[in-house]
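Use these hints to put chain A onto chain L, whose structure you have.
Residue numbers (the numbering used here), protein chains in the order written: chain L, 1 to 251; chain A, 1 to 697.
One or more of the hints may lead you astray.
To be verified - Pair by pair, the computed Cβ-Cβ distance ranges are: (1) 72(L) - 497(A): 37 to 47 Å; (2) 41(L) - 676(A): 49 to 59 Å; (3) 414(A) - 99(L): 42 to 52 Å; (4) 99(L) - 8(A): 57 to 67 Å.
Stated by the list, open to error - Counterexamples of contact, computed for chain L against chain A with all Cβ distances above 12 Å: (5) 119; (6) 186; (7) 204; (8) 218; (9) 219.
Worth flagging that the hints you see were computed from the coordinates, not collected in a lab.
Note that CB positions come from ideal geometry on N, CA and C, so glycine has one too.
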Amino acid sequence: MPQVHSDSLDSTAGEALSAAPLLCIGHSHIHAVKAAAEGDGLRIDSIPFWFEPGALPRDDQGRLAFRPDLLERIRVVRPVVSFVGGAAHSVVGAVEHPRPFDFILPSDPELPFDGSRELIPADAVRAALVTADAEFGEIFRLLLVSAGGPVTQVEAPPPVPDSERLRAHTPWSFFPGQPQEIAPKWLRYKMWRLHSEIVAERCAALNVAYVRVPRAAMDAEGFLRAGLDADGYHGGPEYGRMVLQSLGVVR
Amino acid sequence: MTLHPYVNAEPHQRWRSAMASAAPDDVDPVVSMPFKIRRSDRVATAGSCFAQHIGARLESGGFTRLVTESAHSIVPSATARELGYGTFTARFGNVYTARQMLQLLRRAYGRFTPSEPLWEGASGQVFDPFRPAIQPGGFANRRECEADRAQHLAAVRAMFESADVLLFTLGLTECWASRADGAVFPICPGVSAGDFSSERYAFMNFGVDEVSSDLRAFLSELRAVNPAIRFVLTVSPVPLAATAEPRHVWTSTTYSKAVLRVAAEMMTKEPNVAYFPSFEVVTSPSARGAYFDSDLRTVTPAGVDHVMRLFFKHMADGEYVNAVIVPVSPGAGDDFLQRAKAAMDVVCEEAALDQAFQHPVECDSRAVDSPLVSSAYEADPSANARQVKARNHAFARSPARVEGSPTAADPFPGFVGVPEIAASDLNASVLGGAILHHGCLLVRNLVDPAGVARLTWMLERAFEAAGAHLAGAPREQTRPWFDPFEFEVQGDMSDGGRTFVFQGGGVWTADAPPALEALIWELRRAGVVASVEEYLGEKVFLSVGKSTLRRVPPTSGTAWHQDGAFLGERIRTVNCWLSLSHCGVDAPGLDVYPRRSNALHERGTKGSPFAWSVGDGYVAELEAATGVTSVSPVFGPGDALLFDQLFLHRTGVRPGMIRDRLAIESWMFAGSTFPEEQIPLALDALDALSEAKRETC
Chain L
1 MPQVHSDSLD STAGEALSAA PLLCIGHSHI HAVKAAAEGD GLRIDSIPFW FEPGALPRDD
61 QGRLAFRPDL LERIRVVRPV VSFVGGAAHS VVGAVEHPRP FDFILPSDPE LPFDGSRELI
121 PADAVRAALV TADAEFGEIF RLLLVSAGGP VTQVEAPPPV PDSERLRAHT PWSFFPGQPQ
181 EIAPKWLRYK MWRLHSEIVA ERCAALNVAY VRVPRAAMDA EGFLRAGLDA DGYHGGPEYG
241 RMVLQSLGVV R
Chain A
1 MTLHPYVNAE PHQRWRSAMA SAAPDDVDPV VSMPFKIRRS DRVATAGSCF AQHIGARLES
61 GGFTRLVTES AHSIVPSATA RELGYGTFTA RFGNVYTARQ MLQLLRRAYG RFTPSEPLWE
121 GASGQVFDPF RPAIQPGGFA NRRECEADRA QHLAAVRAMF ESADVLLFTL GLTECWASRA
181 DGAVFPICPG VSAGDFSSER YAFMNFGVDE VSSDLRAFLS ELRAVNPAIR FVLTVSPVPL
241 AATAEPRHVW TSTTYSKAVL RVAAEMMTKE PNVAYFPSFE VVTSPSARGA YFDSDLRTVT
301 PAGVDHVMRL FFKHMADGEY VNAVIVPVSP GAGDDFLQRA KAAMDVVCEE AALDQAFQHP
361 VECDSRAVDS PLVSSAYEAD PSANARQVKA RNHAFARSPA RVEGSPTAAD PFPGFVGVPE
421 IAASDLNASV LGGAILHHGC LLVRNLVDPA GVARLTWMLE RAFEAAGAHL AGAPREQTRP
481 WFDPFEFEVQ GDMSDGGRTF VFQGGGVWTA DAPPALEALI WELRRAGVVA SVEEYLGEKV
541 FLSVGKSTLR RVPPTSGTAW HQDGAFLGER IRTVNCWLSL SHCGVDAPGL DVYPRRSNAL
601 HERGTKGSPF AWSVGDGYVA ELEAATGVTS VSPVFGPGDA LLFDQLFLHR TGVRPGMIRD
661 RLAIESWMFA GSTFPEEQIP LALDALDALS EAKRETC
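One chain only, chain L, in its complex shape (with noise of 0.2 Å):
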């Protein structure tokens, strides 16, 4: 099999991926790859979950299982691209709290703080990720036992520095009685590295593969580089092939 040729910054994809057939399930990220590919004419498998309500159904005793048609296209023997949950940070750090605050990160403590802010331990904000992150563990945990194939998580793409951007596409009426600002951009970036962090262990701790964001993706600063997100939130097509290729399957 070919091997996965990434520029990104810490590829722990180590096995190669076929090209095809390749599936890729998981939330909202998934559409830019999905976009890529069909953009380049390039057939994938794909179950966005979004498009599939109804997909991960709970029986009486709350247990989680795929349902059975999809169940039937997951078992396939093939590798599995996860794009999995990847919104955990957004929903914690996207949107201008009413009490500001801000964090220093563990695992890079130099970057900007801003001591004007209430500031929350790490652990704390650790602890709010993984709660907002704690379904999307779950059916990922479902999906290794499902899979068919060797699982890769792709890393969610990093935020945009340009706040115009999210504010553009946050939909307000959500966050009635409170200014419409998004968080700053220091610290989304800074949520968005600890919630990978999250996703990194998890990942570690399961021996699954994780791909990061293609360095090439990222600006001087770490940030999305501009053009390539679809709505602040998500990257786009341009984005989409990029991780395509971090995963092997274009060149």
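Using the frame of chain L, we list chain A on its own:
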């Protein structure tokens, strides 16, 4: 003859009456206090571990517990507790000695800066020597520890300056101090963090003079920043866990408690200083040791209850004398994260939508049990209507009417009014019992804030799009939020009926497919559908005409009625009336007659404005005859009222109301008695899914 002083002693002054013959629970050594605490007073708490119990109970007793360093609301409550947020007014952890309290004040105001450096753990983590247990595992690095300490000391200053009352529980006389500058530590270095060194740290065991002096200095310096503050001292009844004196731990305990008790007594000579005898209550001989757990150290809940009962009795002003003592539950925090989660769901769906429109998806099985608006975002614009149609076609009338009327015991015997439960307590027997004996069941927070936000968002768009539709906009422009369901005209089920409903502040939910799907998902998730089906003994269905998004203005008309007047008296049904806004105060609510009616009441008489409605005069007579009066519950967003076709109610409109009421009514009909004139919609996802597959592929 002059009588000696004990002749007229009060009962509480005599051992026999106050202790020997008093029931343990009735022993009250407090007698009186020099001042009271008002509800509006901000009460700060600090002290040893026993003070944690006091702080936790204050709020539930109706007091205003001051917290100047609370956990941020994004922090899960369990984590907040682990990190010591909310245990005391600020995040200082246990303050065992008077010296430590004095030192805290001086550190907060920069009058004392201990030379002790931060303590480093083996893995590079960092501990604050003056609250080493506050961050289990330590801070991640020095920068975080220092920033958190600065934030903490600011919160301590806020506490001292804004508290009306400071409740301080004295715990110990023993402590360890730095030989360099005398700074005292709450815990001996090396116990929970740091490294012990006899060269650097010295043992101290304070005497009465030292404790008294520290307390006086503390009070003096405290009043310099807050002259009006009142000071309540207690002594912890918890014995020492260990002593550093070369003697028995019990001897050290009695010494320590004696010193603290005497010092506290000395302080009561100061104005606005009170002593509250927690120590005496718990260690009283009348308790016979029952207020200590099996380790003879931990105070039992019964002991804490006794202390706090007396605290509320003697310290609360009149309105709180009968305050109920309820253990404090973890703080719920605000709902920002729930809203953010819902918002991100929308953003992520829109990402899917954008992609779908650029790359139309092939025909395959479609969403029918979505938490959100799956069908609304299909590339195929007719998919929305197809999905609702599939729910319609999935209706299957039950083969035969389920015999007999539903029965259920009264889960609220003797109760008069609207019975209410938490969402987690909803089940078929409670639902059925409440409807059959009280006419209805109020379920608080049936839908969580995120669900409410989602449904409200869809409701607002549905009304906006419906208005555009009725103004002539084609459905291509109002999809997906409003996509009129197509049906064969019969009776009120017509375009005219749709317009009539809209003009009355309603949109059929079936015309708003995203809202319909989200609503069904919420009803299923909350267990409403399962409970109703178990109660009625068969599968239930919504209908196009009786599942309605409501935006009722405060100018709405109103009339008492039972829906059985239109739907049929003997059908089997339950309505879930879901509030999406605060209503009943400044927005219309519901007036309800909270008693089971077994038949339709007299209609069109005694002031009734319509042939189908029940007159005000009739309702007044009914109230007089039964002794049950109508009530007007106040609903919050997410609350739901469940009732059937015989429930007597009306829209609750009052002068002075200024806001619209947002709500959704969802009549769920048993298949066997589904009303002929209604158009059914399946609630069951699998039924609709198979129907959709059959129709679309």
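Tested hints:
1. Between residue 72(L) and residue 497(A) the beta carbon distance is about 44 Å. The supplied range of 37 to 47 Å therefore holds.
2. Between residue 41(L) and residue 676(A) the CB atoms are about 54 Å apart, so this pair conforms to the stated range of 49 to 59 Å.
3. Between residue 414(A) and residue 99(L) the CB atoms are about 45 Å apart, so this pair conforms to the stated range of 42 to 52 Å.
4. The hint said 57 to 67 Å for the Cβ distance between residue 99(L) and residue 8(A), and at roughly 59 Å that hint holds.
5. A beta-carbon of chain A comes within 12 Å of the beta-carbon of residue 119(L); the shortest separation is about 5 Å.
6. Under the 12 Å C-beta cut-off, the non-interface status given to residue 186(L) relative to chain A holds; the minimum distance is some 14 Å.
7. Separation of residue 204(L) from chain A is adequate, the least Cβ-Cβ distance of about 18 Å exceeding the 12 Å criterion.
8. Non-interface call for residue 218(L) relative to chain A: holds, since the shortest CB-CB distance, roughly 20 Å, exceeds 12 Å.
9. Every CB of chain A lies more than 12 Å from the CB of residue 219(L), the least distance being 21 Å, so the non-interface label holds.
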